[in-house]
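Chains G and S, in that order, are what the protein sequence lines are.
Note that this note's numbering has the first sequence beginning at 1, numbered continuously upward.
Note that this note's numbering has the second sequence beginning at 248, numbered continuously upward.
If you're looking for bench data, these hints aren't it; they were derived computationally from the structure.
We put the CB at the ideal spot given by N, CA and C, even for glycine.
Be aware that one or more of the hints could be misleading.
[What the hints assert, rightly or not] Under 8 Å between C-beta atoms, here's a sample of chain S residues computed to sit facing chain G:
1) 442
2) 445
3) 458
Single-letter residue listing:
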Amino acid sequence: MALFEAQHLHKRFGDRVVLEEINLSFEAGQLSGIMGPNGAGKTTCFNVLTGRYKPDRGKVLFDGQDITGMTPRAIARKGISRSFQIMNLFDDFSVIENVLIAVPQVRDRGFNMTRRVAADVAAMDKAAVVLEQVGLQDKAYENAGSLPYGDRRALEIGVALATEPRLLFLDEPTSGLGIDATARLSELILELKHAYTIVIIEHDMKFLFGLADNIAVIHWGQVITRGTPDELRANKWVQSSNLGKLA
Amino acid sequence: MNNNTGFGAWITRPMLITFAILVSLPFWIDSVGLYQYLGVEIVIWMVYALGFNLLLGYTGLPSFGHGAYFGIGAYAFGLSQLHITESIWLGLICAILFAALGGAIVAAFLSHRRGIYYALLTIAFGQVFWFLSIKWHTVTGGEDGLLNIPRPDLNIGFASFSLSSNEALYYFVLALFVVVVIGLWRLVHSPYGTVIKAIKQNEMRTGFIGYNVWLYKWSVFTLSTALAGLAGGMFAMAQESAYPDVMSLHASGFIVMMVLIGGGMVSFWGPVIGAAVYFLARDLLGSATETWLLWYGLMFMAMVMFKPEGIAGAWQGFIKRGDASTDGDKKPVTR
Numbered sequence: 001m002a003l004f005e006a007q008h009l010h011k012r013f014g015d016r017v018v019l020e021e022i023n024l025s026f027e028a029g030q031l032s033g034i035m036g037p038n039g040a041g042k043t044t045c046f047n048v049l050t051g052r053y054k055p056d057r058g059k060v061l062f063d064g065q066d067i068t069g070m071t072p073r074a075i076a077r078k079g080i081s082r083s084f085q086i087m088n089l090f091d092d093f094s095v096i097e098n099v100l101i102a103v104p105q106v107r108d109r110g111f112n113m114t115r116r117v118a119a120d121v122a123a124m125d126k127a128a129v130v131l132e133q134v135g136l137q138d139k140a141y142e143n144a145g146s147l148p149y150g151d152r153r154a155l156e157i158g159v160a161l162a163t164e165p166r167l168l169f170l171d172e173p174t175s176g177l178g179i180d181a182t183a184r185l186s187e188l189i190l191e192l193k194h195a196y197t198i199v200i201i202e203h204d205m206k207f208l209f210g211l212a213d214n215i216a217v218i219h220w221g222q223v224i225t226r227g228t229p230d231e232l233r234a235n236k237w238v239q240s241s242n243l244g245k246l247a
Numbered sequence: 248m249n250n251n252t253g254f255g256a257w258i259t260r261p262m263l264i265t266f267a268i269l270v271s272l273p274f275w276i277d278s279v280g281l282y283q284y285l286g287v288e289i290v291i292w293m294v295y296a297l298g299f300n301l302l303l304g305y306t307g308l309p310s311f312g313h314g315a316y317f318g319i320g321a322y323a324f325g326l327s328q329l330h331i332t333e334s335i336w337l338g339l340i341c342a343i344l345f346a347a348l349g350g351a352i353v354a355a356f357l358s359h360r361r362g363i364y365y366a367l368l369t370i371a372f373g374q375v376f377w378f379l380s381i382k383w384h385t386v387t388g389g390e391d392g393l394l395n396i397p398r399p400d401l402n403i404g405f406a407s408f409s410l411s412s413n414e415a416l417y418y419f420v421l422a423l424f425v426v427v428v429i430g431l432w433r434l435v436h437s438p439y440g441t442v443i444k445a446i447k448q449n450e451m452r453t454g455f456i457g458y459n460v461w462l463y464k465w466s467v468f469t470l471s472t473a474l475a476g477l478a479g480g481m482f483a484m485a486q487e488s489a490y491p492d493v494m495s496l497h498a499s500g501f502i503v504m505m506v507l508i509g510g511g512m513v514s515f516w517g518p519v520i521g522a523a524v525y526f527l528a529r530d531l532l533g534s535a536t537e538t539w540l541l542w543y544g545l546m547f548m549a550m551v552m553f554k555p556e557g558i559a560g561a562w563q564g565f566i567k568r569g570d571a572s573t574d575g576d577k578k579p580v581t582r
């Protein structure tokens, strides 16, 4: 059975139907992609899957359990973590503090008012491991707000990783990155690929085709087709659309 | 390193300097032309401002109705002395508990709001309590307030002290101030402190990494009102009376101004500085002109326009410039 499944999701804002009928499933250990043109409903889909919006109809299942309509907090605590397309960091914190606060041991002691944060060696070690994973170990004590853009993208993923997710959603991780930075990000995600179950939303097709095990194409609020990158390259609809030319 | 000496230590150097200045205050305050009771007032407001800054400076939640909880503390102290039994400890515990109870109820309505809606609701609830204090004559004494609240001796088990002199009163409120400072310093460097600082920066992400943002906002408001209650209780003890004026909107505004002028947004010590500056301005400017509030207000406006980080922020900038040549990553000791 799939680790994560979405069944018949429907979401409208006012009289605008954004998600018509979304059916998705993501297998454990795989890297899945969601692609589609701008305005196809990718980000809304992501927001429904991670609890930011409630779907009007349909079900979201994680590990066989119905998590439809749960708060982002409850979903995060189940082991689903996400990064954001629009940067969403703690800008006044140092890089390591950004990661540290997402570590579950720290979270579980959130109401402790007397312990020193820095005295928690196990949590600090965990944060250091995450920083190494995303390549920011040398910038641990720099202010997150003053990092260069590419590093902020990496930290965005680091914060999501620090929660020890069983499923990691990345929302347009290449957004705003140049060619070099995108290549570095590709390497980073390739390294994470086998350790985590990952779902990426992207419109950079080259990036996605190089990484994903399978891809779902969303258009007009529906899943139009899905398959491995090779299957999609052969797909007539994809070939005839702009998406195919880019891949 | 960010987390070097001073960070999260129980006692720090600025703390010792502050305590030393305040402990020596009764010995020199008369000779600089001020008077003993001023010290009592300043220290009480320092406690109030420190508690307020937990909410404003650390969690980024603006309350414009905090006078209500200060007032509840004052009335609770007075009523417990008048109607239950004369005991300083009972009075202060009642002050803390009733203010925190009021705060906890209000916070339940506030905590899923943010920004301007949060601020407006704090005003609305503040006005409710202020109105109650004026209209509920049988309990609060109406606009006159509670008068002739006794100030019993301080009993600490094996000994008992008279608090009738201003010096004795001063050292008692100073002792409570020391406890509050050490406790709050610890709190803001604890995991809890880190979470509230995270909420200030990015409430949504804090939720998405699994924190119950509502509960943190609720608890920090309640904590802050408990400290306002403690300060209010001490104020009623010092004034031997409790009256509605401290609960009014303009009184609630003063605490916001104190904290901002002092630099609460960037420093732990901002509220302490701000409270001292406010009372010194009141007495020094006030002795020169009746319109001292105008000048204080202008000072506030100048501060907001030119140095929004407040006095503590200006001081940090000054230190940083001096330090830049010697040790690049050393942070100002104040925070």
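Next item on the list: Run the structure past the numbered hints and jot down the numbers of the failing ones, going up.
Entry: none
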